[in-house]
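These are the residues of each chain, in order.
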Amino acid sequence: MREIKANQITDKIKELFLKANFCINPDLMQRLEKALKEESSTIGKYVLQMIIENNKIASREEMPICQDTGLAVVFVDVGQEVHLVGGDFAKAVNRGVKEAYKEGYLRKSVVDDPVFERKNTKTNTPAIIYTDIVPGDKIKFMIMAKGFGSENMSAIAMLKPADGEKGIVDFVVETVKKAGPNPCPPTIIGVGIGGTIGKAMVIAKKAIIRKIGQSNKNSKYATLEKEILTKINNLGIGPAGLGGNITSLAVHIDYLPTHIAGIPVAVNVCCHADRHNEGII
Amino acid sequence: MWKVFFMRNIIKITVPLDIKEIVNLRAGDFVNITGNIYAARDAAHKRFFELIEKGKKLPIELKGQIIFYAGPTPTKPGHSCGSVGPTTSYRMDPYTPELLERGLKGMIGKGLRSKEVMKSIKKNKAIYFVAIGGAAALIAESIKKSEVVAYKDLGAEAVFRFYVKDFPAIVVIDSTGNNLYETEPLKYMK
Chain R
1 MREIKANQIT DKIKELFLKA NFCINPDLMQ RLEKALKEES STIGKYVLQM IIENNKIASR
61 EEMPICQDTG LAVVFVDVGQ EVHLVGGDFA KAVNRGVKEA YKEGYLRKSV VDDPVFERKN
121 TKTNTPAIIY TDIVPGDKIK FMIMAKGFGS ENMSAIAMLK PADGEKGIVD FVVETVKKAG
181 PNPCPPTIIG VGIGGTIGKA MVIAKKAIIR KIGQSNKNSK YATLEKEILT KINNLGIGPA
241 GLGGNITSLA VHIDYLPTHI AGIPVAVNVC CHADRHNEGI I
Chain V
1 MWKVFFMRNI IKITVPLDIK EIVNLRAGDF VNITGNIYAA RDAAHKRFFE LIEKGKKLPI
61 ELKGQIIFYA GPTPTKPGHS CGSVGPTTSY RMDPYTPELL ERGLKGMIGK GLRSKEVMKS
121 IKKNKAIYFV AIGGAAALIA ESIKKSEVVA YKDLGAEAVF RFYVKDFPAI VVIDSTGNNL
181 YETEPLKYMK
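Residue numbers (our numbering), protein chains in the order written: chain R, 1 to 281; chain V, 1 to 190.
Calculated from the structure, these hints are not laboratory results. Treat the hints with care, since some could be wrong.
[Stated by the list, open to error] With a straight-line cut-off of 25 Å between C-alpha atoms, the simulated DSS-like cross-links for lysine-lysine are:
| no. | chain 1 | residue 1 | chain 2 | residue 2 |
| --- | --- | --- | --- | --- |
| 1 | R | 122 | V | 145 |
| 2 | R | 102 | R | 12 |
| 3 | R | 34 | V | 145 |
| 4 | R | 178 | V | 144 |
| 5 | V | 152 | V | 57 |
| 6 | V | 12 | V | 115 |
| 7 | R | 12 | V | 76 |
| 8 | R | 119 | V | 115 |
| 9 | R | 122 | V | 46 |
| 10 | R | 108 | V | 115 |
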């Protein structure tokens with residue numbers, strides 16, 4: 001049994017969200033530089049140059065990369081030998097989010113009631129927390145500041161087993177096509193296949209935080225990722241949707257066992273400002 | 001600066017927009033905007049409409065003006081504005097034709113517009129500019145002054161007046177109805 005104090009969690013969450021909102025990870029920066037070389041459209045090149053320059057300014061000046069500093073999403077792997085002391089887990093996480101968004105001058109974009117009052121909570125909380133219990137005595141946090149321009153373009157389908165690979169490819173490509181310029185392309189596409197309707201979207205979201213362009217370990221799924229990415233980039237949507245051959249930077253698929261009667265397919269779209277970070281206590 | 005990398009003619013325009021200037025702009029033109037522009041997004045548009053329905057005056061003058069669909073991050077000490085880029089425009093579509101009828105001439109946002117908005121842009125000889133989504137720290141460098149002019153209680157969704165100098169944008173829908181989102185991707189579709 002290892003004791004972890006609630007305020008250690010608060011501090012770690014705060015640190016991760018501040019960094020994620022100011023600094024794009026090196027793997028994504030490198031991918032954007034590569035995209036600039038690959039893009040053939042003049043407007044597309046201009047857009048990519050602006051994005052790259054923006055990310056440099058943001059990290060240098062500690063300015064938020066995007067004004068939509070997102071809904072705070074926190075994936076947590078909690079070691080089963082951890083004993084939390086000195087407070088409530090969810091409260092500790094939310095306190096970390098609140099402090100980061102206040103001290104970092106980040107935008108508070110959360111409303112308390114989705115339909116009626118829509119009153120801003122002014123703290124950017126509550127965060128969306130997904131917890132998995134794993135072996136070990138550590139806590140691993142994987143956080144995202146998830147913008148809603150791209151979240152709004154996400155979609156889910158319950159395909160028939162007979163739809164197979166083709167059904168999946170068609171649905172993902174169609175989702176990206178429909179989204180057009182809205183989710184701030186070039187995007188990163190998280191795809192979750194299998195599980196239940198709910199779980200498919202959770203793994204699609206988690207797939208976004210994988211290192212950019214790292215293929216699925218299963219070669220069949222890796223091939224599927226490549227096929228979908230090629231088809232998406234053949235749509236011509238391009239950077240900012242103003243035409244070009246780079247519409248998405250990566251397609252990341254994750255999958256789970258599912259029921260004999262179906263194939264849940266979830267597509268979680270992420271803008272080029274894919275802000276995520278991880279840390280371990 | 002990023003501008004040095006890019007050798008394409010950039011047209012300088014000023015606000016309030018002049019009709020002669022507007023009709024000369026074409027989808028695909030790169031512009032730098034200087035002058036006062038207003039930031040307003042979902043909640044502010046809703047309030048504008050509540051006023052219009054009651055026959056009351058809007059808190060801002062629309063004639064010849066530009067609305068930027070945006071909600072900035074809070075301003076850090078020593079800065080003139082927080083990070084601010086465009087939000088997705090289609091959510092403002094239900095309100096836009098009425099505002100164009102009332103003299104609004106330009107909008108800065110990102111993403112597709114409805115058929116009604118397209119029609120109204122053409123009818124009222126207005127312009128839809130696109131700023132690059134997610135380039136909010138870079139765009140903030142062009143904002144020299146920022147103040148809340150209405151609905152302070154809405155926080156980031158309040159109406160802001162920004163004095164901008166060389167705000168970078170692209171003409172996407174021009175006053176004749178050309179739409180870059182329709183024409184440009186076709187060239188790269190395989």
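Notebook entry, point to check: Going back to the hint list, which numbers does this structure go against?
Noted result: 3, 4, 6, 8, 10
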